Amino acid sequence: MSAVIRRGLGVILVLLGVMLLIFVVLRIIPGDPASVLLNEHASEDSIRRLTESMGLDKPLPVQFLDYLKNALRGDLGQSYYMRKPVLSLILTAFPYTLKLTALSASFAWIFGILAGVVSAVYHDRLPDHLFRGISLLGISVPVFMVALFLQYLMYFRLSLLPLMYDGSFVSMILPAAALGWNSAGSVARLTRSGLMEQLDSPYLDTARAKGLSTKKAILFHGLRNAILPVITLMALQLSGMLSGAVITESVFGISGLGKLALTAVQTRDMPLLQGTVLFTALVISVGNIIADVTNTLLDPRLRTKS
Amino acid sequence: MNKDLLLEIKDLTVSVKRKKEAVPVVRGVDIDIPRGGIVGLVGESGCGKSMTAKSVNRILPPFAETTGGSILWHDSPGETTDLLKLKEKEIRKKCGTEIAMVFQEPMTSLNPMMRVGDQIREVLKIHKIEKDPAVSKERVVKMLGAVGIPQPELRYNSWPHELSGGMRQRVMIAMAMICSPKLLIADEATTAVDVTIEAQILDLIRDMCHASHMSALVITHNMGVVSAICDHVYVMYLGSIVEKAPVRELFTNPLHPYTRGLLSSIPRIGNNPEYLETIPGNIPVVRKPFSGCDFCMRCSDDVRKCFMESPEMREAGNDHYVRCHTALTGPDPGESKGTE
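These protein sequence lines map, in sequence, to chains A and B.
FYI, the numbering for the first sequence is 2 to 307, going by this note's numbering.
FYI, the numbering for the second sequence is 23 to 362, going by this note's numbering.
None of these hints come from the bench; they were simulated from the model.
All values derive from a computational prediction rather than experimental measurement.
No residue lacks a Cβ here, since even glycine has one placed at the ideal position from N, Cα and C.
Don't take every hint at face value.
To be verified - Quick list of the computed label-pair ranges, beta carbon to beta carbon:
1. B/Asp154 to A/His124: 32 to 40 Å
2. B/Asn275 to A/Leu299: 41 to 49 Å
3. A/Leu14 to B/Arg40: 53 to 61 Å
4. A/Pro230 to B/Glu175: 28 to 36 Å
5. B/Asn304 to A/Pro203: 22 to 30 Å
6. A/Val12 to B/Glu175: 48 to 56 Å
7. B/Asn275 to A/Arg225: 46 to 54 Å
8. B/Ser287 to A/Leu299: 41 to 49 Å
9. B/Ser286 to A/Pro203: 31 to 39 Å
10. A/Ile111 to B/Pro84: 27 to 35 Å
11. B/Asn179 to A/Gly75: 56 to 64 Å
Claimed, not checked - As a list, the in silico SDA-like pairs of lysine to any residue whose alpha-carbon atoms are at most 25 Å apart:
12. A/Lys216 to B/Phe85
13. A/Lys217 to B/Arg228
14. A/Lys216 to B/Pro84
With the hints as extra help, turn the sequences into a complete structure.
Take a look at the structure:
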């Protein structure tokens, strides 16, 4: 239990650090938000008035403390560009990201683990070479290439799936496949190498001597031991996907977190950028904790130690 | 042969694939295991003991395969099946129920991610012997108690890493015994545990055999283990059996120079404590079939014949057989290479 509290405190520290860092960085980089918001013909006077109204004339520490105080109350400020509360913008965008993540993660993990197991069972034979080739492609080809290729194949050539995201489930398939491709490749490789390491383990001989076929022994006994690092990888992938897939969301026109962050950067929208970065940091920290906790829960050797 | 045999290994050959050639590591081994008898198979590391054992329940590693011979399983005196000819599915059905095995490494032979009780219960589940989980659990707890594990209900839920080596080996034995098999193969079952535990485990195996009229094939490199529990001994050297005899006969009248070397290299209290006998030389590398006796390079009384032709198994009386040119006749002084 104390471990959980310790981890919780850690998350809070990380979030404070992230807030401070993004706050300082955004104010160091050149460019004044007030002059970006108004056009280049705006008078000195109106720029000064806007700066004051946004509270940007106060000393930096005061600004930071104000931001912190508001953030604690759940107020992440007002987006300069979209003129809406940042928190509500994030919460509107998040469900899209969540949907994309759920679909691409399940695609990636089911395909990845299956491919890894098949590769390990038939190692150095045709299915292994095939799946290893596919997963190598998945790891090495960038997401936008996969996305464009899938769009070309499934929409322009075969007309099977819609080109852009339109809110329907069918239109989520292509983005999920494009985003999951890469993760599937890493999961497949890690599953395969983990299982291969287990193949000479004496407990697999025990399982066969008990009456299990070699394949069942690998599946029921080997996989259980090989899956731990894969689960850590999956938890990290999950937090990565949840914090927004900028490229995939842009290519397919999904208004999720990634796209929101991109807009914030493009319009120099400081509160929105701070908000999205903070949210991402939170998701990733929580993802890491989940990875640790699942590992501890699954591995009896870790459980006794803690 | 009028004995009631359970298992007959006949002319078994196991080869290991190395690059493109197949190297025979078990060469024409014959072993008879009588019903209810405990048979020992002794030899040094790498002589093919484990390969022989793993051929019986067909769990050889992928790089090894049986290339000849037969392993006859006598369900009853009239009913015989060749285990090597069974389909994979049929042999797996026999494993765990009729043929059980205990391995050398109690630390790694149990799955570290499964509770020990569940690992034992899995045998019942695989062979669909007991479907009711409560009943099968009770059966496992009873078995854990029978192999001498204190507080078996509590230990059912232990993880392998929470148990000592001796306890884990008891768990392995419980797993092997849960279906009351006809044959127990103990592959160096006591090598990794210390001597007091070794004695307890050996007692346990012997008692189990006697109580349920089970046969056992005990594989070891330790002559002490052989003398403790075996009825009959086979001595293996470089993939073939060089001597076989009832245990008392072998210890009082060892014939093969290798067996004599093994026996005199056991430290004994009271003997010269400064000096321990060893067998000179190393195990030769198995490559091409050599026409002479495999042991001639390390033998003390080698004669020219030993380098020329491989000796046949010869009977020496008292159910004692030996594969040696000189053991029965003694070295012919005129032929000894020392005279040249």
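So which of those numbered hints doesn't the model satisfy?
Violated hints (numbers, rising): 2, 6, 11, 13; every other hint is consistent with the structure.
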